[in-house]
Amino acid sequence: MTGLGVFTVNPSDPDPAAAPGLAEFYHQHGFVVLRGLLPAALVDSIEDECAAAQRAVLAGTVPQRHGSTQYLDARHVDRPNGPGESGPGYVNYVEHVEELSPAVRTAATDPVLLEVLRRLLGNDVWALDGSGSGVVYQDARPGRESGYTRIGWHSDWQAMPSLDVWPGAAFTIHVDATSPANGFLRVVPGSHRWATPAPYRNINNVAVPADARPTGGYGNAEPPCSMPLGFEKVPGEIAVYAERGDVLLHDAYLWHSAARATADDTTRRHVRSGYYAGDRASYREQFIKNAAR
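Mapping of the sequence shown onto the numbering used here: residues 333 to 625, in sequence order.
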């Protein structure tokens with residue numbers, strides 16, 4: 333381990349998924365950062381191909397399913413700028429980017445990554461494969477024309493609380509290193525072991541289905557505090573920083589949020605999706621948008 337939760341993974345090792353302490357740290361804290369897994373040339377290709385996909389969404393030359401249909405509000409969906417703005421603009425999200433970027437598909441299905449996930453979640457890990465939002469390219473910017481600057485506290489399972497697809501883990505491939513200047517991930521270590529309630533209280537006033545599981549997590553302990561509706565400080569939270577090319581894994585039950593950039597001219601670009609180890613047959617389309625934006 334080279335930093336808090338950072339584990340060096342050398343794909344040429346006989347068993348690269350067996351970095352000492354990796355599984356123990358993940359199970360205790362709910363996250364790990366894999367460094368060295370992806371070659372620099374692949375990360376360069378991810379950057380170039382995702383930027384091209386982003387331009388294609390803006391130009392309308394790819395199917396509409398690649399534009400964001402659920403993460404952004406109506407003011408920002410597939411709009412180059414906010415109301416009254418001018419200029420070339422950009423889009424914050426490209427959904428199913430793995431269909432537009434061979435490099436993203438290669439990284440998202442990397443054999444070492446999958447082996448790490450099997451050791452963390454169980455032998456049978458699987459992805460949605462075209463359902464949901466697929467792999468999503470996210471471009472966070474702090475400007476007022478941006479639809480994605482930060483995100484409030486949530487755990488990923490809360491977006492699909494009726495399903496039996498859990499446990500699961502998200503992966504984030506970092507195109508940009510993160511910092512206070514361009515934003516970073518905030519997490520509450522160990523919160524994946526709490527019995528976190530479904531998002532019956534949420535800032536978007538989204539109804540939770542009657543068949544939702546009342547709680548999610550690896551234990552029965554009630555959280556020591558309520559999950560904030562917005563961006564407030566949580567006791568015990570820490571910042572998780574990543575370098576370019578790092579792959580962050582965090583548990584679907586982990587409390588996390590993303591901090592807004594402090595510098596006006598920065599970007600925080602990454603590719604994100606998830607793997608699941610629960611009942612694949614139980615999946616159906618569900619998205620509870622409970623997190624603040």
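Because the hints were derived from the structure by calculation, they are not lab data.
Take the hints with a grain of salt, since some may be wrong.
[Stated by the list, open to error] Between beta-carbon pairs, the in silico distance windows are: (1) ASP543 - PRO371: 26 to 34 Å; (2) GLU356 - ALA513: 26 to 34 Å; (3) ALA553 - PRO395: 42 to 50 Å.
All values derive from a computational prediction rather than experimental measurement.
Virtual Cβ for every residue (Gly too), placed ideally from N, Cα, C.
Status of each hint after checking the structure:
For ASP543 and PRO371, the hinted distance range of 26 to 34 Å is not satisfied, since their beta carbons lie about 44 Å from each other. Separated by about 32 Å at the C-beta atoms, GLU356 and ALA513 satisfy the suggested range of 26 to 34 Å. Distance hint for ALA553 and PRO395: a CB-CB separation of about 45 Å, consistent with the stated range 42 to 50 Å.
Of the numbered hints listed earlier, the single one contradicted by the structure is hint 1.
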